[in-house]
Amino acid sequence: MKVTLIAFLLTLFAFVTHWILWRIHVPRRQTLVLLTIFSLVLVSGLAVCSLGSAEAAGWGLDDPWQYLHVGIFHTAMMLGYVVAYSAIEEKSPSMTILLWVAKAGHEGRSRDEVEMLLLESSPIENRLTAMVRDRMVVLREEQYVLTAKGRKWVSVFHWWGRLINAEKGG
Amino acid sequence: MPLSWYPIIVLSPVLALATNCAAHVAVARISGNSGPYRAIVRAAIVGLGVVVALTLIGCRRLALPRHDVVSLIFLNSVAYLALSFDYFSFVNLCLTSLRIRMLREIQGAGGSLAGERLGELYDDRSMTNLRIDRLVSGGHLVLREERLYSHKSFFLAIATFFDWLRWFVMGPKADHQGRGWQRTESNI
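Protein sequence lines correspond, in order, to chains A and B.
One point on numbering: in our numbering, the residue at position 148 of the first sequence is 148, and numbering is uninterrupted.
One point on numbering: in our numbering, the residue at position 37 of the second sequence is 37, and numbering is uninterrupted.
Note that these hints are calculated values from the structure, not bench results.
These numbers come from a predicted model, not from an experiment.
Every residue, glycine too, gets a C-beta built ideally from N, C-alpha and C.
Treat the hints loosely; a few may be bogus.
To spell it out: a stretch of chain B is covered by chain A in this simulated footprint if at least three of its residues, at any positions, have a beta carbon under 8 Å from a beta carbon of chain A; those stretches are [to be verified]:
1. 53-59
2. 68-74
3. 82-88
4. 109-119
5. 128-138
6. 144-150
7. 156-164
Have a look at the derived ranges for each label pair, beta carbon to beta carbon [claimed, not checked]:
8. A:16 to B:61: 33 to 39 Å
9. A:90 to B:130: 17 to 23 Å
10. B:4 to A:129: 50 to 56 Å
11. A:56 to B:139: 55 to 61 Å
12. A:107 to B:110: 27 to 33 Å
Next comes chain B alone, as it looks inside the complex (with noise of 0.2 Å):
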């Protein structure tokens, strides 16, 4: 395979997601804080749509068979992909994440703060409020008559396709291991 550019091909999810983060930061700052994750899918968009368009670019260049261009691309496009979840996951603890709020507050505070103090900011009721009307404005929970009911949405299929990694990756240890929220019906 020749290699002139065959180098650009490889490279072109790292490149890809360069081009998704400045995206996202240039749409973010011209949206404001209108609609974060709409920033998000955007930029991810334009970087698919320059992995794409390198690995199709770079193949016509070294006239490669339609297998090989097709499978580059498969390739490609699974790598960048995987790269944008994690850019995704990143800017998503950038904006929800409770840990990262209260190291910022530890911080802000001159770098230690008294665990009474922290519970006083953040108390487990308020806490869990907000996670239940971020749902229900969200649009993944319907608040109707003081109940609060199931919205087919993405985010549940996602919780859904979750749970069931964890059932599958953990088999029947799935409710002992691992850490923090783990309840199921039988101990609420």
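Okay, chain A solo, but in the shape it has when bound (with noise of 0.2 Å):
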């Protein structure tokens, strides 16, 4: 019971410090930022749970496999949120149509409606952007050349697109 309390309350404070700092001020690298405070929160609280005075409080941890299981409680959890967090910092296309469509109820929308909301914000190019702003590939000479980053991504996706049987994705 001690350890499912200890994991919920870290994840839950981490949270609550990420939703805080991001009413004050928005970071520029937000999944950066997510992890560092995630880390720094289940390092420092696991310190905290080590202490002799957590122990006599009744919060302290009895052995390494309970640290280890806090651990891996929170770094899936955090995995989990940053991943959600993804769509959150950059909706998806799909999403962005459903929500709208809903939005118009019985009238509904036309199909050229539809198209002009997202070719508005040129997907293609958005996309060669953060492909860039993420060095998968750099421009060079009006040539978008792959990076060793970029490689390394496509060949961990080509496996296991291949492995389960997936075409291209797009």
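Quick one: dock chain against chain with the hints and give me the complex.
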């Protein structure tokens, strides 16, 4: 019971810290800051649990496996939230269409209206800009050149895609 | 708490994730390309069964009280579901990511490709139409007399949840922060 409580409280504390910070100022490198907040909360939380005073108060952890248990839960929640956060940070086109059509209710939307909604934000250009920003590719003399990082990403997705019989994305 | 079974309880979310991945590969290879998401859901359920079973067996062996059993099953199941969500997102990128597709195209062309050529291969209009068609064929939108209507679907519920989460996290800045597809009713 104690392990469960500590694990949930640490994750909640990390989320609340992130929420307060975001309300004040949204950082430029959002994912990196999120990972830093969650990791720091985990390390400091476990350090506090190892103190004699925490043990005396009934919040001490008894053995290394309990530390690992809290760590696994916290890391799983951190990664899950970071993945979910990517949908907050950058709305997906499909979700944008769904919400916009739902908002129209019984009137619906014409195909042209939906097309215009997405075309305004130049999906391809956005993707290319994001790939350059994330250093997956570099733009050299009007050519997009794959970087070592980009090559690694392609290999991982290609390999797993083949394993699960997936067609090319897009 | 005796330690003999506790490491298995601790590692059960990770073991269940490994089972999920293996089961997904097996189901996807057996069923081919028919309904890739169905294979993911089936594998996720197998993994959930594994995490609950391992935790339950471990707790029984350790003769833990009922409240500890319930709390550990809850803790491990939540951790496993978070890990499964990561795996689902990874597979979803394999299946639908435009960015991954473009990177593969560049690699296929020998590691570099002109922006102009990429523009020909992936023009905005055809990509947009592909999204709309996919939503219609998936039953998320209904096309009637040349107009698109919303259809209550699980995906719409997810989109609504993320829209709410975005507002909750970002607050009033929600429409101005972030990148990409930031379009509101007012600026269309």
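Structure-based check of each hint:
| no. | hint | in the structure |
| --- | --- | --- |
| 1 | 53-59 | violated (count 0) |
| 2 | 68-74 | holds (count 4) |
| 3 | 82-88 | holds (count 4) |
| 4 | 109-119 | holds (count 8) |
| 5 | 128-138 | holds (count 7) |
| 6 | 144-150 | holds (count 6) |
| 7 | 156-164 | holds (count 6) |
| 8 | A:16 to B:61: 33 to 39 Å | holds (37 Å) |
| 9 | A:90 to B:130: 17 to 23 Å | holds (19 Å) |
| 10 | B:4 to A:129: 50 to 56 Å | holds (54 Å) |
| 11 | A:56 to B:139: 55 to 61 Å | holds (58 Å) |
| 12 | A:107 to B:110: 27 to 33 Å | violated (49 Å) |
Hint compliance for this structure: hints 1, 12 are not met, and every other hint is.
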